[in-house]
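A.B. asks: Read off the chains here:
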Amino acid sequence: GAGVSQTPSNKVTEKGKYVELRCDPISGHTALYWYRQSLGQGPEFLIYFQGTGAADDSGLPNDRFFAVRPEGSVSTLKIQRTERGDSAVYLCASSSGHGYGYTFGSGTRLTVV
Amino acid sequence: AQTVTQSQPEMSVQEAETVTLSCTYDTSESDYYLFWYKQPPSRQMILVIRQEAYKQQNATENRFSVNFQKAAKSFSLKISDSQLGDAAMYFCAYRRGNAGGTSYGKLTFGQGTILTVHP
Chain C
3 GAGVSQTPSN
13 KVTEKGKYVE
23 LRCDPISGHT
33 ALYWYRQSLG
43 QGPEFLIYFQ
53 GTGAADDSGL
63 PNDRFFAVRP
73 EGSVSTLKIQ
83 RTERGDSAVY
93 LCASSSGHGY
103 GYTFGSGTRL
113 TVV
Chain B
9 AQTVTQSQPE
19 MSVQEAETVT
29 LSCTYDTSES
39 DYYLFWYKQP
49 PSRQMILVIR
59 QEAYKQQNAT
69 ENRFSVNFQK
79 AAKSFSLKIS
89 DSQLGDAAMY
99 FCAYRRGNAG
109 GTSYGKLTFG
119 QGTILTVHP
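As they're listed, the protein sequences go chains C and B.
So the first sequence is numbered by the working numbering: it starts at 3 and just counts up by one.
So the second sequence is numbered by the working numbering: it starts at 9 and just counts up by one.
Extracted from the complex, chain C is given alone in its bound form:
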């Protein structure tokens, strides 16, 4: 596609529920990144994929968070047993693999009530 697409744009869920956030990167971009941005803060790194594999998942806060990229294109960030503290904007970015030029999506705003 022309840009990085993230769906849904907004998601409201109840505490304890499971959610999936989707990122559709630019076609041909091998690298994909997930970031979490809390209100009024800068984005924080969660996980980085190079192709299908997670090259660095050091930013995932705990085992409730998991991400996949089974075919090396679309990625899904999965959050189990959501907590109110998980409320944030989740940003996805992709790059051609050199990590030099990034294209960001518009994010998914997750609200846990």
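Simulated from the structure, these hints should not be mistaken for lab results.
Note that CB positions come from ideal geometry on N, CA and C, so glycine has one too.
Errors might be hidden in some of the hints.
Counterexamples of contact, computed for chain B against chain C with all Cβ distances above 12 Å [what the hints assert, rightly or not]:
1. Q14
2. Q22
3. E23
4. S38
5. N70
6. N75
7. K78
8. S82
9. S88
10. Q91
11. L92
12. G93
13. D94
14. F117
15. Q119
16. T124
A short, non-exhaustive set of chain C residues, derived as facing chain B with CB atoms under 7 Å [claimed, not checked]:
17. G44
18. Y50
19. V91
20. F106
21. S108
22. G109
Distance ranges between label pairs, derived from CB positions [claimed, not checked]:
23. B/Q91 / C/R83: 44 to 54 Å
24. B/Q91 / C/G103: 23 to 33 Å
25. C/T32 / B/D39: 20 to 30 Å
26. B/Q91 / C/S40: 26 to 36 Å
27. C/T9 / B/Q91: 23 to 33 Å
Assemble the complex: chain C is given as a structure, and chain B must be docked to it using the hints.
C.D. replies: Same frame as chain C, but now just chain B:
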């Protein structure tokens, strides 16, 4: 670990005037890249300018320029002839160089500076 600090939570400028946003960073590495991103209410991060640490010359993109002081670990953004469309949140970001292993691609962001432009 690398850290990026933006000490100005908010800045304001009159249209057509010049404003400078500050950023400092901490790293033990010699090869890295620095970025300024703009985030409007649409939430999408837009690259404003980037600087390679090995280049002594300050990067410039039209009305945007940086003052890169490697020894002081300072990377400020100057916006000249400010326009109403420049109003947004601005983030400074750091990325280690390509020799940094598998995680060289990830960005470390500062806390951001909200820029208001007054007509």
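A.B. asks: For each hint, tell me whether it holds in the structure or not.
C.D. replies: Consistency of the hints with the structure:
1. With a least beta-carbon separation of about 8 Å from chain C, B/Q14 fails to lie farther than 12 Å from that chain, contradicting its non-interface assignment.
2. The claim that B/Q22 is not at the interface with chain C holds, since no C-beta of that chain comes within 12 Å of its own (minimum 25 Å).
3. Under the 12 Å C-beta cut-off, the non-interface status given to B/E23 relative to chain C holds; the minimum distance is some 25 Å.
4. The Cβ of B/S38 lies farther than 12 Å from every Cβ of chain C, with a closest approach of about 17 Å, so its non-interface assignment holds.
5. The beta carbon of B/N70 is kept farther than 12 Å from every beta carbon of chain C, the shortest such distance being approximately 18 Å.
6. The Cβ of B/N75 sits about 21 Å from the closest Cβ of chain C, beyond the 12 Å cut-off, so the non-interface label holds.
7. The non-interface label for B/K78 is consistent with chain C: the shortest C-beta to C-beta separation is roughly 19 Å, beyond 12 Å.
8. Every C-beta of chain C lies more than 12 Å from that of B/S82, the closest at about 18 Å, which supports listing it as non-interface.
9. Every C-beta of chain C lies more than 12 Å from that of B/S88, the closest at about 24 Å, which supports listing it as non-interface.
10. Against chain C, the non-interface label of B/Q91 holds: every CB pair exceeds 12 Å, the least being about 22 Å.
11. Its beta-carbon lying about 21 Å from the closest one in chain C, B/L92 satisfies the requirement of being farther than 12 Å from that chain.
12. For B/G93, the requirement that its beta carbon stay farther than 12 Å from each beta carbon of chain C is met, with the minimum near 18 Å.
13. Distance check for B/D94 against chain C: the nearest CB is about 18 Å away, which clears 12 Å, and the non-interface claim stands.
14. Listed as a non-interface residue, B/F117 fails to keep its Cβ farther than 12 Å from every Cβ of chain C; the least gap is roughly 3 Å.
15. Under the 12 Å C-beta cut-off, the non-interface status given to B/Q119 relative to chain C is violated; the minimum distance is some 5 Å.
16. Even its closest Cβ contact with chain C, about 15 Å, leaves B/T124 beyond 12 Å, as expected for a residue assigned away from the interface.
17. Using the Cβ-Cβ criterion of 7 Å, the hint placing C/G44 at the interface with chain B is satisfied: the shortest such distance is roughly 3 Å.
18. For the restraint placing C/Y50 at the interface with chain B, the shortest Cβ-Cβ distance is roughly 5 Å, inside the 7 Å limit, so the hint holds.
19. With a cut of 7 Å, the hint placing C/V91 at the interface with chain B holds, because the nearest CB-to-CB distance is about 6 Å.
20. Nearest Cβ of chain B to the Cβ of C/F106: about 4 Å, under the 7 Å cut. The hint holds.
21. For the restraint placing C/S108 at the interface with chain B, the shortest Cβ-Cβ distance is roughly 5 Å, inside the 7 Å limit, so the hint holds.
22. The closest approach between the C-beta of C/G109 and any C-beta of chain B is roughly 4 Å, which is under the 7 Å cut-off, so the hint is satisfied.
23. In this structure, B/Q91 and C/R83 meet the distance hint of 44 to 54 Å, their C-beta atoms being roughly 46 Å apart.
24. Restraint check, B/Q91 to C/G103: a C-beta distance of roughly 24 Å satisfies the suggested window 23 to 33 Å.
25. The beta-carbon spacing between C/T32 and B/D39, approximately 22 Å, falls within the hinted interval of 20 to 30 Å.
26. In this structure the hint that B/Q91 and C/S40 lie 26 to 36 Å apart at CB holds, the actual value being about 29 Å.
27. The beta-carbon spacing between C/T9 and B/Q91, approximately 32 Å, falls within the hinted interval of 23 to 33 Å.
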